[in-house]
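These protein sequence lines are chains C and A, in that order.
Residues in the first sequence are numbered from 601 upward in steps of one, following the numbering used here.
Residues in the second sequence are numbered from 601 upward in steps of one, following the numbering used here.
No lab work stands behind these hints: they were computed from the structure.
You can't tell identical chains apart in this list, so a pair holds if it fits in one copy or across any two.
Cut-off 20 angstroms, straight-line C-alpha distance, at most; resulting in silico cross-link-like pairs (EDC-like, lysine to aspartate or glutamate):
#, residue 1, residue 2
1, Lys-826, Glu-773
2, Lys-770, Glu-828
3, Lys-826, Asp-797
4, Lys-667, Asp-635
5, Lys-885, Asp-834
6, Lys-719, Asp-775
7, Lys-671, Glu-656
Number of protein chains: 2
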Amino acid sequence: MPVSAQAQERRIALIAGNGSLPCQIADALSRAGRDFRIVAIKGEADERTRALASTELGWGEIGRLYKFLKKTDCQDVLLIGGVSKRPDFTSILGDFGTLKRLPTIIRALAGGDDSLLTKVIRLFEDEGYRVVGIKDVAPQLLAASGVLGKIQPKDNDWRDLELALQATRKLGELDIGQAAIAVGGRVVALEGAEGTDAMIERCAELKSIGRIRAKGRTGVLVKTAKPEQDLRVDLPAVGPRTIELALAAGLAGIAVEAHGALIAEKEETLRRADSSGLFVVGVDKSADDGAPEA
Amino acid sequence: MPVSAQAQERRIALIAGNGSLPCQIADALSRAGRDFRIVAIKGEADERTRALASTELGWGEIGRLYKFLKKTDCQDVLLIGGVSKRPDFTSILGDFGTLKRLPTIIRALAGGDDSLLTKVIRLFEDEGYRVVGIKDVAPQLLAASGVLGKIQPKDNDWRDLELALQATRKLGELDIGQAAIAVGGRVVALEGAEGTDAMIERCAELKSIGRIRAKGRTGVLVKTAKPEQDLRVDLPAVGPRTIELALAAGLAGIAVEAHGALIAEKEETLRRADSSGLFVVGVDKSADDGAPEA
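Turn these sequences into a full structure, and let the hints guide you.
Now the structure itself:
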């Protein structure tokens, strides 16, 4: 998936939250010879990210952010890394540029998580910036299609995978969670507001108290994007921690949507999966849903 | 909903697990002048149930159970009350009648929960018994349609109710859980193997750590039957404990399927809901799904 010549020329601002992903993106962009700047989000970006960052800004410094983008001639914006909590109203009242935009920002902060992200995109677009995603600038970081590690799923694993996949599709239709777990031919856990990690931990607990019965290593976690999900700002992701939790829950493996999910620290994640005997699969969107495989 | 004359004449065996429901059914049957016997399941039936029971049998005494049914001329069987755990293989090797039927029973115990119950029904039917449900013998114990307590849902409550109801329908299509919670226009929790109570508790935790944001009392628990669910042996139920948990989770109310769910200890449940300011609603099956309102 080559990056278009036009995109090559534009300078990207990485607005970096927590986790190791911002540094991985920076690394991928460097290798590709792309020009970029990093803006670390105060209280979120980790030490390595902050070391690479050109500046560090808090939630309330939106005016300063736009000034930085203008000064450094960044035309594209990539929002990357997690934010551990949504900012509250008091923490965004930081500078004049923020105050000026307050009515717009307040509107953006109201409502559910997904519409918030969509509105954050609109905030940038209204200022003339283009919001890009990992798919646009570092598609090699997304999950490929097929069995990605050394472990092959067995027949019953494929069945659990299919069941959990169906469940995530239904969840997606309702814009609820991204992940589901099936064990022994039965969907046992569905992700809601708790998030994927907490859902896997629940599965481990339910196994330990015998509420989910399973002999040996069995069950599959599937994580896919919701149809309405804007993959530029909200990409389903798994990583080393997911493998760790899946192992603790006695699962046989995990599956993510090919080209539509991120495997954070890919080499480390797959190495851990291989050494733990867990499979990792990239599943293609079902052929009949008509969605383009961009 | 009158009980048919034929059904009136048959003697019913209540095979009673835990909880107060067996006694409530016994009470309802007595008032209706129905003839019945109670078989308490050892280690499950509570003290009151055991006081009313004609006999008490363990999981392994299936041969003795059939003998009892024959001796007392019970033609109908009602499986009622919860079982805290599925019996393991060693605990069912109780008597000769069990051993004789072991191949059938082993087949019945294999597979998921729902098919297990279906197979348990078949075990009784194969012996010539008819398995009946609460709907058949005490329909007055099921939830009626409409607002059942004194508290009326507000507009946003109806919206959350509708969202959670949609979610339970999707879950039902996949034969997963029975319950969902929506808060502030967003489905936040879906029931898997953990069960309804644990799901409500999770919702309370997510609110307390700010993962679900809600001002004041808001959000609705909806519990409905799955399309494939056999209501004779597996009826969605709420009770005083549900109200307690919903209150702790800061929900505004609960909704169950009218004529397809049980409100255990109805008066006590509604009294607690009223005094806690929670609404309780019986929702009709959607008009367009064509399911008969039997």
